[in-house]
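2 protein chains.
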Amino acid sequence: MTTIDISGAGKYAEFGESMEKRAFAAHERLESGEPFTGWLHLPSRADESETRRVFEAADRIRQSSDVLLVIGIGGSYLGARAVTDVLCPPPGNSGTQLVFAGNGLSGAYTDRLLRYLEDRDFSINVISKSGTTTEPAAAFRIFERLLERKYGAGAAKRVYATTDAEKGALRSMARERGYESFVIPDDVGGRYSVLTPVGLLPIAAAGADAAGFLKGAAEAELSLGANDMSNPAHKYACVRQAMYEDGKKIELLAVWEPTLRYVAEWWKQLFGESEGKEHKGIFPASLEYTADLHSMGQYIQQGERTLAETFLWCEPTGKAEVPFDENDGDGLNWLAGKKADEINRTALEAVKRAHIDGGVPCLEINMGPPDARSLGGLLYFFELSCALSAYVSGVCPFDQPGVEAYKKNMFKMLGKP
Amino acid sequence: MTTIDISGAGKYAEFGESMEKRAFAAHERLESGEPFTGWLHLPSRADESETRRVFEAADRIRQSSDVLLVIGIGGSYLGARAVTDVLCPPPGNSGTQLVFAGNGLSGAYTDRLLRYLEDRDFSINVISKSGTTTEPAAAFRIFERLLERKYGAGAAKRVYATTDAEKGALRSMARERGYESFVIPDDVGGRYSVLTPVGLLPIAAAGADAAGFLKGAAEAELSLGANDMSNPAHKYACVRQAMYEDGKKIELLAVWEPTLRYVAEWWKQLFGESEGKEHKGIFPASLEYTADLHSMGQYIQQGERTLAETFLWCEPTGKAEVPFDENDGDGLNWLAGKKADEINRTALEAVKRAHIDGGVPCLEINMGPPDARSLGGLLYFFELSCALSAYVSGVCPFDQPGVEAYKKNMFKMLGKP
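Chains A and B, in that order, give the protein sequences. Following the working numbering, the numbering of the first sequence begins with 1 at its first residue and continues without gaps. Following the working numbering, the numbering of the second sequence begins with 1 at its first residue and continues without gaps.
Since the hints were made in silico from the structure, they are not lab data. Quick caveat, the model's predicted, so the values are computed rather than measured. Among the hints, a few may not be true.
Since the list can't tell identical chains apart, any single copy or any two copies may satisfy a pair.
[Said to hold, decoys possible] With a cut-off of at most 27 Å between alpha-carbon atoms, the simulated DSS-like pairs for lysine-lysine come out as follows: (1) Lys338 / Lys408; (2) Lys11 / Lys280; (3) Lys412 / Lys167; (4) Lys150 / Lys339.
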């Protein structure tokens with residue numbers, strides 16, 4: 001179960017009653033049936049037969065395919081990427097490999113991927129609410145053609161469409177061409193969709209415990225339901241807004257396992273897209289420790305004092321330890337017998353103390369072990385915290401009015417009829 | 001050759017004579033023989049016989065090894081990672097694979113890597129000025145043991161040490177154990193070391209054109225030597241300081257090819273560690289477009305107006321184009337026949353216009369084609385720009401006094417004698 005320690009936030013840990021009241025009001029508002037709050041009770045209300053159908057499709061993909069090409073962008077990309085990086089990490093992960101496409105427009109990347117898939121068995125999971133978003137739609141055209149060339153009439157059986165229940169181009173194509181399809185619920189926005197088939201199908205196809213992931217989220221939904229200050233999501237929302245209102249304009253999410261890097265990317269979309277509007281919002285940035293102590297560490301210790309830092313810790317599972325060396329050429333025998341993970345944990349304590357001394361308030365989120373159940377709990381925790389935090393700051397967590405501006409320009413420049 | 005277009009910076013493009021003068025003084029200071037400015041004329045003064053020795057070692061590694069395990073952190077990691085991600089990109093790159101270790105303390109990652117290397121032929125390039133930095137030293141102990149178990153007396157021939165010329169633990173170990181070794185020059189700091197054997201050996205071992213990379217840097221050294229405002233490094237340094245002094249506290253480097261993601265990570269270390277001190281410095285953050293338009297795009301368009309953005313473009317090389325589809329189910333036929341790269345370029349123009357309209361000044365750096373020569377030029381351009389920019393802002397670009405704070409705490413907590 002996800003826990004939070006805000007004792008390193010100094011004065012911001014005492015955010016006061018008026019902040020608490022804002023969070024209570026935010027939680028009430030969430031429960032009052034606002035639009036796009038379908039994610040709130042999604043885990044406990046998941047349709048079991050639909051979930052079973054997702055898992056059965058995943059099994060078929062695993063039997064027939066070396067690679068599942070996941071075509072999606074934004075919330076239709078980052079959730080599955082984040083979860084499978086943790087649960088099926090490289091190097092050396094076996095089974096069906098997830099490869100992502102339609103999350104950019106690089107021709108060179110597309111060319112490489114076409115060559116890579118040429119002599120591998122693959123299926124496609126195309127994920128798009130509308131089916132007309134430029135990047136995934138273009139990628140789907142390109143890779144569906146390869147699929148048809150390889151499998152002829154059998155190609156349609158290798159396409160899995162995750163899309164709107166009724167409307168949109170991809171829904172129509174699924175009907176006409178006979179793709180198996182799954183539903184993106186109407187009341188769940190892209191960045192909140194990891195617990196729908198958007199995330200669940202690729203996660204299960206990669207061989208991760210998607211059922212455990214969903215279960216962990218359902219447990220979190222229950223344990224984080226209380227509208228009071230014992231709720232860690234309330235604490236997180238309140239302390240980050242207290243810091244922001246006092247000039248901590250940037251929040252750094254520092255992960256302590258390399259596999260969690262894309263959890264931080266997913267977190268950046270969740271918080272950045274929910275809060276960054278009306279010329280306000282905490283700027284979310286990510287770090288991978290200890291690597292980035294040797295790159296961004298200097299700035300964090302002594303740069304502009306507009307930073308707050310959140311450590312994302314998971315319980316260690318590694319066996320590796322520092323071996324004893326008779327010659328002790330590197331003088332490291334004082335660490336001999338210590339596990340790498342023990343040193344990692346000590347580094348966290350040391351960094352926390354150093355950064356607090358340097359004027360950077362530090363929070364710590366502990367997700368528990370890096371397994372499917374904990375991850376489900378963690379991502380739900382972040383979803384709820386984010387919605388509360390955005391409401392507390394006075395913006396709507398569920399819209400993204402700013403993402404259309406460049407698209408309008410682009411369509412005009414490209415001469416869209 | 002790297003070029004810069006600052007016309008999207010609006011009023012900041014007119015940074016004025018006093019800013020120019022500060023840049024001229026900075027450039028003079030650089031050329032006056034300050035400590036740690038060895039990188040400035042490194043490309044043109046590289047010792048040819050040493051470079052040849054590096055390339056010969058790389059050839060031996062390529063013949064003997066499926067994997068080169070590169071052990072290093074910070075500047076001993078990010079340069080090689082950045083360059084080889086561009087020049088030997090996944091998926092489907094063949095030849096000797098670079099795998100990185102010693103850039104963190106995750107036990108689980110170390111365990112996975114030990115299993116992965118078990119049945120693969122590998123060599124180690126351990127990179128450390130001192131040989132005692134905790135992460136790489138611990139990793140080297142662990143993986144050298146595996147090497148010895150696999151290759152017995154032949155293990156030492158598979159270790160390549162890149163370290164100080166005379167001093168330090170790793171230099172002593174190389175002497176005693178007979179590792180082939182290469183020198184990290186005294187007057188080149190970690191984040192400026194990609195053009196020394198620190199970067200060159202792994203780059204060449206991965207099969208990239210390391211000679212072309214060095215040549216491109218030498219050409220840049222020549223073309224960027226002029227201490228006047230025709231110099232694009234001057235323009236970049238001046239405009240970013242003009243923006244910073246007016247409240248643009250965060251610079252986003254947005255790359256338009258997924259392979260350039262670690263160039264942005266390298267850039268973050270270079271600028272963040274050079275400028276982030278004395279409670280000032282532009283906060284460097286990175287983006288991968290178009291993917292991150294669907295995650296951070298909302299914040300950039302409408303969040304806090306403290307952002308400046310720099311696009312890093314490379315000339316496209318892809319062939320992929322949007323195919324025509326008779327049924328036009330996705331309504332995308334208006335794009336049929338257009339190359340993905342053409343749409344990518346149009347997206348850049350569209351985003352630039354949208355973000356400028358939204359109050360975010362936008363610079364554009366064009367590195368030319370994504371080849372070795374252009375990359376050498378680009379990284380040198382960034383090194384020079386960064387040194388100028390830091391001097392202009394009144395801080396020393398070559399120290400990192402803040403990175404010791406957490407280490408002191410850590411050694412104390414771990415009971416270092």
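How do lysine 11 and lysine 280 come out at 27 Å by Cα distance, when the copy is not named: within, between, both, or neither? both (22 Å within a copy, 23 Å between copies)
Between the shortest in-copy and the shortest cross-copy C-alpha distance, which are at most 27 Å for lysine 412 and lysine 167: within, between, both, or neither? Classified as within: same-chain Cα gap 25 Å, cross-chain 62 Å, threshold 27 Å.
From the Cα coordinates, with 27 Å as the cut-off, is the pair lysine 150 and lysine 339 best called within, between, both, or neither? between (49 Å within a copy, 23 Å between copies)
Same-copy or cross-copy closeness of lysine 338 to lysine 408 [CA-CA at most 27 Å]: between (57 Å within a copy, 18 Å between copies)
The structure agrees with every numbered hint stated previously.
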